[in-house]
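J.: Residues per chain, in single letters:
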Amino acid sequence: MVEGSNPFEPAYRLILGSGFMKKFALQDHGLVPAHILLSPEESDEVLKSYGVDSAHLPKIRVSDPVVKEIGGKVGDVVKIIRNSSTSGESVFYRLVID
Amino acid sequence: MNLSEKEVSKRIEGLPLPQSIRRALEGELQDVEVSEEQFSEITETVVADYRRSKVEPCEAVGVVAAQSIGEPGTQMTMRTFHYAGVAEINVTLGLPRLIEIVDARKIPSTPTMTIRLDKDYALDRDIAREVAWSIESTNILHLGSMATDLAEMNVVIELNEDALLQRKITAEEVAGRLAEGTKLPAEQHANQIIMTPPEPSYRDLLQLVEKIKTISLKGIEGINRVVIRKEGDEYVLYTEGSALKEVIQFQGVDPTRTKTNNITEIGDVLGIEAARNAIINEATDTLREQGLSVDVRHIMLVADIMTCDGEVKQIGRHGVSGEKASVLARAAFEVTVNHILDAAVRGDVDDLRGVTENVIVGQPIQLGTGDVKLVAKR
Chain A
1 MVEGSNPFEP
11 AYRLILGSGF
21 MKKFALQDHG
31 LVPAHILLSP
41 EESDEVLKSY
51 GVDSAHLPKI
61 RVSDPVVKEI
71 GGKVGDVVKI
81 IRNSSTSGES
91 VFYRLVID
Chain B
1001 MNLSEKEVSK
1011 RIEGLPLPQS
1021 IRRALEGELQ
1031 DVEVSEEQFS
1041 EITETVVADY
1051 RRSKVEPCEA
1061 VGVVAAQSIG
1071 EPGTQMTMRT
1081 FHYAGVAEIN
1091 VTLGLPRLIE
1101 IVDARKIPST
1111 PTMTIRLDKD
1121 YALDRDIARE
1131 VAWSIESTNI
1141 LHLGSMATDL
1151 AEMNVVIELN
1161 EDALLQRKIT
1171 AEEVAGRLAE
1181 GTKLPAEQHA
1191 NQIIMTPPEP
1201 SYRDLLQLVE
1211 KIKTISLKGI
1221 EGINRVVIRK
1231 EGDEYVLYTE
1241 GSALKEVIQF
1251 QGVDPTRTKT
1261 NNITEIGDVL
1271 GIEAARNAII
1281 NEATDTLREQ
1291 GLSVDVRHIM
1301 LVADIMTCDG
1311 EVKQIGRHGV
1321 SGEKASVLAR
1331 AAFEVTVNHI
1341 LDAAVRGDVD
1351 DLRGVTENVI
1361 VGQPIQLGTG
1371 DVKLVAKR
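Here the protein sequences line up with chains A and B, keeping their order. Numbering-wise, this note's numbering puts 26 at position 26 of the first sequence, and it's gapless, one number per residue. Counting the second sequence from 1 gives a position; this note's numbering is that position plus 1000.
Just so you know, the hints here were simulated from the structure itself, not pulled from any lab data. Be a bit skeptical, because a hint or two may be false.
As the list claims (entries may be wrong) - Derived contacts from chain B toward chain A, CB cut-off under 8 angstroms, selection only:
| no. | residue |
| --- | --- |
| 1 | A1190 |
| 2 | R1257 |
| 3 | K1259 |
| 4 | I1266 |
| 5 | E1273 |
| 6 | N1277 |
| 7 | E1289 |
| 8 | G1291 |
| 9 | V1294 |
| 10 | L1301 |
| 11 | D1309 |
| 12 | G1310 |
| 13 | K1313 |
Idealized CB from N, CA, C, for every residue including glycine.
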């Protein structure tokens, strides 16, 4: 039984709010796709397969909350696996910038 | 010889196709007996069809996207307000909302949140209402009435016992918060609080009243109203005002399914990729609500362009259009004189590589077949 669902026992036992902090992984949020930090070798491979410089990749800030969570540094390449409504899953790369 | 189901799955995985098409193909071939030859004929046809359906190289996708979103935009209502359920929460919709999204406004004109609750909290109306009350920012007018006593030159606040119980705050706490907020002593006797301005002047008295009204006594600042609605078998909270960072840390709130319509805020709290998804969702929902359907790929292109620099930037003078390399292309968009003047002062050179500038000078544009260069191989 859910706490407080008994009409004779109002849900006053719930302690809500006031400085309560909850930790959750940002990547669990429905809007946030999976971010994977690539090793230098892996990112070189990606750049080679697309035939581009790392500067040509789309960017992501080092201050981005998800980059902070996965511990990315400036110059790293982040692989993002998006849920796409057209292609199911699609892979995207972003370069971590300042 | 027929291929085994496992073999079929394995071969489909290796095809150069997007995941959704691979899944569909796998589904179709599940209970069908196919021989090696038939299988390769099928996959060749599928792959060829997929290749044909892709956008041609040098195709002007941006123009197509602009048209595809702009044309239905002409059919949208210029000003609509929508009421979320019976309980009157204002949300800007229609064209103003679409403009707001592509303009990447820092704060939307009607910020609102959709708060979903944890399993233990979502199914019971009373518990959901408790959470709602503790999230909703409470000010003095929610708890009782306030009057000015001109004879005594003070403000008399009468607190309502029921309201205090309902919002779970005591008269002492209220007095404490008020004293803290106004930096003035608050005399409290039972459910009455008396506050006196430092000097007996009418102006100070009236200012004190206004000040007291703005003090948030409980809840999250910025969440002005919370409405509960039942969706399926769970209760969902809708708010007027938005404070994503605070709300997702609240007990009882399911942080993974709680969202706001403020895209910049999503970008700050959940990151750029979440902002991209939010742009796509908000734009699609706005169009759908007006009975218009735009292919999601166009909206995805817009969202990608808006977020490719790592922060949400607008489509417009201060964003995508303003960052074009060509002086002529920028001048053709907005504030023509400023751009040309600045370029002249700096001595900028236009390489004439884009579309707009080549149209202006009357050259073939670099799009489609115009973008293909032939090099003779000797």
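J.: Each hint needs a verdict: does it hold in this structure or not?
T.: Evaluation of the provided hints:
1. The criterion of a C-beta within 8 angstroms of any C-beta in chain A is not met by A1190(B), whose closest approach is roughly 22 angstroms, and the hint is violated.
2. Because the smallest distance between the Cβ of R1257(B) and any Cβ of chain A comes to about 6 angstroms, under 8 angstroms, the interface hint for this residue holds.
3. Annotation: interface hint on K1259(B) holds; nearest CB of chain A at approximately 7 angstroms, less than 8 angstroms.
4. A distance limit of 8 angstroms between C-beta atoms decides the matter here; for I1266(B) the minimum to chain A is near 7 angstroms, and the interface restraint holds.
5. The interface hint given for E1273(B) is met, as the beta carbon of that residue sits about 5 angstroms from the closest beta carbon of chain A, less than 8 angstroms.
6. A least Cβ separation of about 5 angstroms between N1277(B) and chain A falls short of the 8 angstroms threshold, and the interface hint therefore holds.
7. About 18 angstroms separates the beta-carbon of E1289(B) from the nearest beta-carbon of chain A, more than 8 angstroms, and the hint is not met.
8. Interface restraint check for G1291(B): the shortest CB-CB distance to chain A comes to about 19 angstroms, outside 8 angstroms, so the restraint is violated.
9. A cut of 8 angstroms between beta carbons decides the hint on V1294(B): the least distance to chain A is about 13 angstroms, and the hint is violated.
10. This hint is violated: L1301(B) has a C-beta 12 angstroms from the nearest C-beta of chain A, more than the 8 angstroms allowed.
11. Checking D1309(B) against chain A by beta carbon gives a least distance of about 5 angstroms; that is within 8 angstroms, so the hint holds.
12. Against a cut-off of 8 angstroms between C-beta atoms, the interface hint on G1310(B) holds, since the closest Cβ of chain A lies about 4 angstroms away.
13. The closest approach between the C-beta of K1313(B) and any C-beta of chain A is roughly 11 angstroms, which is over the 8 angstroms cut-off, so the hint fails.
Hints 1, 7, 8, 9, 10, 13 from the earlier list are contradicted by this structure; the remaining hints agree with it.
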